[in-house]
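Protein chains in written order, with our numbering: chain A, 1 to 126; chain B, 127 to 356.
Please keep in mind that the hints were generated in silico from the structure rather than gathered at the bench.
No residue lacks a Cβ here, since even glycine has one placed at the ideal position from N, Cα and C.
Not one of these hints is a red herring.
A partial selection of chain B residues facing chain A, derived with a Cβ cut-off under 8 angstroms:
| # | residue |
| --- | --- |
| 1 | P162 |
| 2 | S201 |
| 3 | T228 |
The list that follows gives simulated cross-link-like pairs (lysine-lysine, DSS-like), each with its CA atoms no further than 25 angstroms apart:
| # | chain 1 | residue 1 | chain 2 | residue 2 |
| --- | --- | --- | --- | --- |
| 4 | B | K153 | A | K62 |
| 5 | B | K214 | A | K116 |
| 6 | B | K208 | A | K49 |
| 7 | A | K62 | A | K49 |
| 8 | A | K62 | B | K150 |
| 9 | B | K240 | A | K88 |
| 10 | A | K49 | B | K214 |
| 11 | A | K114 | B | K215 |
| 12 | A | K116 | B | K215 |
Ranges of calculated distance between the beta carbons of each label pair, as one might list FRET restraints:
| # | chain 1 | residue 1 | chain 2 | residue 2 | range |
| --- | --- | --- | --- | --- | --- |
| 13 | B | V210 | A | R115 | 16 to 24 angstroms |
| 14 | A | W52 | B | H243 | 49 to 57 angstroms |
| 15 | A | L25 | B | G326 | 35 to 43 angstroms |
| 16 | A | G80 | B | S139 | 29 to 37 angstroms |
| 17 | A | P28 | B | L173 | 37 to 45 angstroms |
| 18 | B | K153 | A | R115 | 39 to 47 angstroms |
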Amino acid sequence: MVRAIAQFLTILVIYLTGTRLVTWLELPVPGSIVGMALLFFALVSGVCKLQWVEAAAQLHIKHITLLFIPFIVGVWHFAGIFRVEGIKLAIILAASSLVVLLVTAFMAEYLETKRKRSNQNGNNNL
Amino acid sequence: MGTIISNILLCTSITVISYAAGNKVFKTYNKAWLNPLYTVTVFIMCLLALSHVRVTQYSSGTGLFSLLLGTATVSLAVPLYKHVRMIKKNFLIIFWAVMPGTLTGVISIILLTKSLHMNKEIMLSLIPKSVTAPIALSVSQSLGGIPSLTILFVCISAVFSLIIGPFLLNITRIRSRIAKGLALGTSAQAIGANRAFEWGELEGAMGSIAMITSAVIMSVMIPLFLQFSF
Chain A
1 MVRAIAQFLT
11 ILVIYLTGTR
21 LVTWLELPVP
31 GSIVGMALLF
41 FALVSGVCKL
51 QWVEAAAQLH
61 IKHITLLFIP
71 FIVGVWHFAG
81 IFRVEGIKLA
91 IILAASSLVV
101 LLVTAFMAEY
111 LETKRKRSNQ
121 NGNNNL
Chain B
127 MGTIISNILL
137 CTSITVISYA
147 AGNKVFKTYN
157 KAWLNPLYTV
167 TVFIMCLLAL
177 SHVRVTQYSS
187 GTGLFSLLLG
197 TATVSLAVPL
207 YKHVRMIKKN
217 FLIIFWAVMP
227 GTLTGVISII
237 LLTKSLHMNK
247 EIMLSLIPKS
257 VTAPIALSVS
267 QSLGGIPSLT
277 ILFVCISAVF
287 SLIIGPFLLN
297 ITRIRSRIAK
307 GLALGTSAQA
317 IGANRAFEWG
327 ELEGAMGSIA
337 MITSAVIMSV
347 MIPLFLQFSF
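Extracted from the complex, chain A is given alone in its bound form:
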């Protein structure tokens, strides 16, 4: 328990550093993303050991649903939008989800086939 709290405090300090950096440098990205980048590079470079943050990080990600609930409850306030624009919203959400899904899939499929082909050519040349 103590260890989990210590780990959480480490992550919290990194998060607050991220938000501070964003304010100081007037960066146009969320502080949480800068914090994530900080932790990532700290892990890669070995400044921060995985064991120092792992348990608390996984606990967060596992129960992330809990953190959304207050926001979804807050949506009640805007229920009117769905009565008026519900169908339009449904169309936009569905269409753009399909675009994201298909563009990503086709690009990756295309690039991987290309890489496989160039690898094969490379082997033939040897």
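Given chain A, work out where chain B should sit, using these hints.
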């Protein structure tokens, strides 16, 4: 002062306790529609309505969760670090698949909202909807959208992508395991990555990587959207 603190304590504990109970029910009966996201949200809404508490009063008592969404985003560095080798090996594919996917998603939203004459606040709330919720939330705030709406849009489109994704990838004959994982992770984030793990370790890892990559790309592109949407 005392009432503010007791309000925070009350709202936070009600949310946590309801979640714990909802999670238990979900684990026991193992039905998709019993996901605590729906059951607990509806439960809390009913509770607020019955006790005549305003939603705004509840929202003002749940600031702790916004902070935790921030630390949750920082925590995403851990799965990213665990997959660092796979990222290095496939960096070009990951970037050149997730970036166009995320970007065309945003462009489609801007074009559709404009052609359907939706108001700008809704458009700004829709723009970040294809990335993982904690980041969608901060992007929505920076753009001037309505964070609550954004979170709901994120959930709706993730569930939609999760239902239709595997079927669509099948009929479009996507064979590459990397492509399948990336597509589900970019469109359905965490639940997409979970689904991708059912296909295999590689698909699942690609799903989690895609979820984080698309979030980073989205937050870096904010200034670009601000220029385009005005």
